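Visitor: Each chain, written out:
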Amino acid sequence: MYDFAYHKPTSVADAVKILSADPDARPISGGQTLLPALKHRLNKPTAVVDLSGIAELKGIRRDGDKLIIGALAKHHEVAENAEVKAAIPALAQMAGTIGDTQVRNRGTIGGSVSNNDPAADYPAAVLGLGATVVTDKRRIAADDFFQGMFTTALEPGELLVAIEFPIPEKAGYAKMRNPASRYVMAGAFVAKTKSGVRVAINGAGPCVFRQADMEKALTANWSPDAVAGIQQSADGLNGDIHGSAEYRAHLVTVMAKRALANAG
Amino acid sequence: MNVVTPFEGIGASVKRKEDLRFLSGRGQYTDDINRPRQTYAYILRSPHAHAAIRGIDLAAARAMPGVVAIFTGEDMKGIGGLPCGWQIHNKDGSPMAEPPHPVLAQGKVRHVGDSVAVVIAETKAQARDAAEAILVDYDVLPAAATMEAALATGAPQVHDGVAGNICYDWHIGDPAVNAAAFQSAHKVVEFELVNNRLIPNAMEPRAAVGDYDPTTGDYTLYTTSQNPHVIRLLMGAFVLQLPEHKLRVVAPDVGGGFGSKIFHYAEEAIVTWAAGKIARPVKWTADRTESFITDAHGRDHVTKARLALDANGKFLALHVQTLANMGAYLSTFATSVPTYLYATLLAGVYTTPTVYAEVKAVFTNTTPVDAYRGAGRPEATFLLERLVDVAAREMGMDRVEIRRRNFIPNDAFPYQTPVALQYDSGDYVATLEQALESSGWASFEQRRAEAKARGKLRGIGISTYLEACGIAPSAVVGALGARAGLYEVGTIRVHPTGSVTVLTGTHSHGQGHETTLAQLVTDRLGVPLAQVDIVHGDTAKIPFGMGTYGSRSLAVGGSAMVKAMDKIVAKARKIAAHLMEASVEDVEFDRGTFRVAGTDKTKSWGEICLTAYVPHNYPIEEIEPGLDETAFYDPKNFTYPGGCHICEVEIDPETGKVDVVNFTAVDDVGRVINPMIVEGQVQGGVAQGIGQALLETAVYDEAGQLLSASFMDYQMPRAEDLPPVSVATHTTLCTHNPLGVKGCGEVGAIGSPPAVINAVVDALQDYGVRHIEMPATPAKIWNIINAGHKLAAE
Chain A
149 MYDFAYHKPT SVADAVKILS ADPDARPISG GQTLLPALKH RLNKPTAVVD
199 LSGIAELKGI RRDGDKLIIG ALAKHHEVAE NAEVKAAIPA LAQMAGTIGD
249 TQVRNRGTIG GSVSNNDPAA DYPAAVLGLG ATVVTDKRRI AADDFFQGMF
299 TTALEPGELL VAIEFPIPEK AGYAKMRNPA SRYVMAGAFV AKTKSGVRVA
349 INGAGPCVFR QADMEKALTA NWSPDAVAGI QQSADGLNGD IHGSAEYRAH
399 LVTVMAKRAL ANAG
Chain B
50 MNVVTPFEGI GASVKRKEDL RFLSGRGQYT DDINRPRQTY AYILRSPHAH
100 AAIRGIDLAA ARAMPGVVAI FTGEDMKGIG GLPCGWQIHN KDGSPMAEPP
150 HPVLAQGKVR HVGDSVAVVI AETKAQARDA AEAILVDYDV LPAAATMEAA
200 LATGAPQVHD GVAGNICYDW HIGDPAVNAA AFQSAHKVVE FELVNNRLIP
250 NAMEPRAAVG DYDPTTGDYT LYTTSQNPHV IRLLMGAFVL QLPEHKLRVV
300 APDVGGGFGS KIFHYAEEAI VTWAAGKIAR PVKWTADRTE SFITDAHGRD
350 HVTKARLALD ANGKFLALHV QTLANMGAYL STFATSVPTY LYATLLAGVY
400 TTPTVYAEVK AVFTNTTPVD AYRGAGRPEA TFLLERLVDV AAREMGMDRV
450 EIRRRNFIPN DAFPYQTPVA LQYDSGDYVA TLEQALESSG WASFEQRRAE
500 AKARGKLRGI GISTYLEACG IAPSAVVGAL GARAGLYEVG TIRVHPTGSV
550 TVLTGTHSHG QGHETTLAQL VTDRLGVPLA QVDIVHGDTA KIPFGMGTYG
600 SRSLAVGGSA MVKAMDKIVA KARKIAAHLM EASVEDVEFD RGTFRVAGTD
650 KTKSWGEICL TAYVPHNYPI EEIEPGLDET AFYDPKNFTY PGGCHICEVE
700 IDPETGKVDV VNFTAVDDVG RVINPMIVEG QVQGGVAQGI GQALLETAVY
750 DEAGQLLSAS FMDYQMPRAE DLPPVSVATH TTLCTHNPLG VKGCGEVGAI
800 GSPPAVINAV VDALQDYGVR HIEMPATPAK IWNIINAGHK LAAE
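In order, the protein sequence lines correspond to chains A and B.
For the first sequence, the residue numbers in this note's numbering are 149 to 412.
For the second sequence, the residue numbers in this note's numbering are 50 to 843.
Looking at chain A on its own, in the form it has when it is part of the complex:
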């Protein structure tokens, strides 16, 4: 890696101040994406701002019909947290299948959601549950947050502070892993919420997206059978040496069925 300055602020305000002053500074939490990029010299930040000392980014709590998860919550913490398991078991289950043990003990929900890797898990839960992304400046609805491959509504210098998940009536997640990287090749997060049925698809396309046909079908009939006949169009989906867009489109239906089976 190239040389960079290292900062370890203890408040969101201090972190934002450093990041706003220097457009080439990069925040780091678990480092699961940034560190490999640095090691491969694919990224040359002037400064790395380590968020791990900021107390206000930590913690998982339930607030009425919402679950609020701090940006620094590690995947392992989400997977094992009693409040998460009780309120949104599908979210805990998802967190427990991200990467491997080492990744789950370093990677954070804030890092994953901010990075918006198309093959990441958490964006499907955030979009599928209709969560709200809380930053140091504002509150952003999930539908407005994920804008494209590795692109979100976050502005330069803006930090994700927490995610507020409305507690659904039912929710389920299923994914097919990429055989090599074990990231998501195609996944589906389904939820029956107060504001309606939501289906979020990750891995298959350049960015997590909602599957309107499935949402409509499930609104009428919440069951795996309801989506079994719905074919996802392959247009615009990812294709690579591990599988074509058509294969991923097929997997969307399979994973949606399995997510519903998991949701019960």
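Simulated from the structure, these hints should not be mistaken for laboratory data.
Since this is a predicted model, take the numbers as computed values, not measurements.
Don't take each hint at face value.
[As the list claims (entries may be wrong)] Calculated lysine-lysine pairs in the BS3-like style (CA-CA distance at most 25 Å, straight line):
hint: 1; chain 1: A; residue 1: K187; chain 2: B; residue 2: K650
hint: 2; chain 1: A; residue 1: K318; chain 2: A; residue 2: K342
hint: 3; chain 1: A; residue 1: K206; chain 2: A; residue 2: K165
hint: 4; chain 1: B; residue 1: K363; chain 2: A; residue 2: K192
hint: 5; chain 1: A; residue 1: K285; chain 2: A; residue 2: K318
[Unchecked claim] Stretches of chain B that chain A covers, calculated by requiring three or more beta carbons in the stretch to come under 8 Å of a beta carbon on chain A:
hint: 6; region: 643–653
hint: 7; region: 827–833
Even for Gly, the Cβ is constructed at its ideal location relative to N, Cα and C.
Dock chain B against the given chain A, drawing on the hints supplied.
Guide: Chain B only, in chain A's frame:
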């Protein structure tokens, strides 16, 4: 007084002596070695598969902090190229094309990762920083990224003067006899298949430290090698022109090789040569990306085959035409892999009376391809065992029955095949029966039905295979074009108090030699295992050796030790006879005790050893003091392990994902020295075989960029991909080495891939599948199932 401990000898599952060091982090690998005043090398590599170098501007790089020296091909013009160790001849008798393999590129780069310049600096980071400041003016040329592209009309020429990118066009067998046999066939089964290209991925990346002492002119190379003496010979004699007595090569602990660390690589020559130039040690350690693009790859064959059968399913003739990818340059043993390690195995365990094989080796703008665990034999086995399954199906015969009908019977040994080899022993029916029984073959249809009820497609596959290893008689390989002998060397150094140091020319890089070879000494001399140390991997300590590959360490290296122990025992008996005032003929030796036959007069091992070194009462007129013997052993033949592998899979028809649910291996590896180590070797080999069959493949794009150049895209087998592997052995002894051993390092990787694919094809029998290429990925299988569904819908 030594205590004989029978449980540590031949046949005992002794725990591995070396594991305490490895598991507690005390191994000493090449990258752990640091020399005073050491510098660090970074190799600037080609980002292009094929380009002319119009110029290299080093000015900015030379001015970077910490830079000690920068060298390019221009500086190494007088240095020899990397040699190829095996000369193959064309059908017309002319020698193969053997273009130069420069250590640093000479005006042209031929694959992504080809070495262009070396930067030597005070730190690794400084070397890399400076390398990024080097400006190379490339004239990018069209690349021949695949064999198909390389063989096309008007294809880019990888090497000037190598017409059509053909390295050689070789054959074995009698074409006229073969063609005639096809005339009388009841049926001819034609088949095409690919053996997928693999990337070895040893846990430890390659590394090298060069050192030079200007006061003596002595060079030392520490390197991640499976065969340090071979590296000394190749690098000393062919590349750097350094005599053996001035060049020491040390291969310390090595973290896996699988063949990829047999070969002499450019970086070894670069750090050794550069250490002399700057009179400071030079260290280079590959990162994982460099491993992917510069470690020699494995396999990569495209084959057409025809099998002639009579009405009873007896094989009459086999004709095979194979294209083998060499990559951009000839790696050390690349040329032997698709010829003498492949086509000579095409009789397999069957009595096919005539086999004719034609092999064309092709240059492409890709990383060189060479031996990888099994080397040629997995390719032969995959072809044969798939072909036999296809033949059975098309003849309407049972898959097991067609094999039985064609097995070489037990009374036919020694068996001369039509492709040069003479098998010494085997019992193919016994390994088959044992595997059928232990896998529950007969009750499979119940499991298939039960899986179907769960929505899964279950299949079972079998492979009855054989391989040739323990490579091999020097005279034979020499006649076939090898440029080295393939004997092995062992020294038994008995110390005055009776403990033993063994110097072996083989090299352990995960196989457990420090335990297995010590067991031979314990078994023969009665010295407890704790008092036997195995020394390997240092040309300054060990007389000579050819190293470890081709499952040869025990069969050849162990046999050399036996011969050296014969000399030790013969001399010790003379000392004992002298002390006991008996005739030598009357002195018996059995594991630590010398006895005058038929009497209670005995002398212990310890007494004899001490006497040898304190020769006060000694037959000094007859023998010299000391007890230290060396033997060179050149085997009479290859060894021929074989056996039966049975694999059971379940496929999720919705995703195409294959789960291996059951794997049974029954192997004949000859006499088993340490059953636990054999089990581990077979399991590891099976893991690599399952990796090849279901997961791994190297993929290049049209421009010659390696798309699967990291673990993000190259699928290594993980624990969750592997079933419990049931390993058993059924022994027939090798008839021509003193231990009766055959070798077990490669059987797992050789026998397993066709068993897996045969199981996958069996699971998909309702979809009209004749063959599925490796790796059988979920996407590939879904395509087949999806096409089948569409077929049904039409």
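Visitor: If a hint holds in the structure, say so; if it doesn't, say that too.
Guide: Against the structure, the hints come out as follows:
1. The straight-line distance between the Cα atoms of K187 (chain A) and K650 (chain B) is roughly 71 Å, outside the 25 Å bound, and the hint therefore fails.
2. Of the supplied pair hints, the one linking K318 (chain A) and K342 (chain A) holds, its CA atoms being roughly 10 Å apart against a limit of 25 Å.
3. Between K206 (chain A) and K165 (chain A) the alpha-carbon distance is near 19 Å, which keeps this suggested pair within the 25 Å criterion.
4. Of the supplied pair hints, the one linking K363 (chain B) and K192 (chain A) is violated, its CA atoms being roughly 66 Å apart against a limit of 25 Å.
5. Proposed proximity of K285 (chain A) and K318 (chain A) is contradicted: the alpha carbons are some 31 Å apart, above 25 Å.
6. Three residues within the 8 Å Cβ limit are the bar, and the region 643–653 of chain B against chain A gives 0, so the coverage statement is violated.
7. Under a criterion of three residues with beta carbons nearer than 8 Å to beta carbons of chain A, the stated coverage of the region 827–833 of chain B is upheld, 4 such residues being counted.
Consistency note: the structure conflicts with the earlier hints numbered 1, 4, 5, 6.
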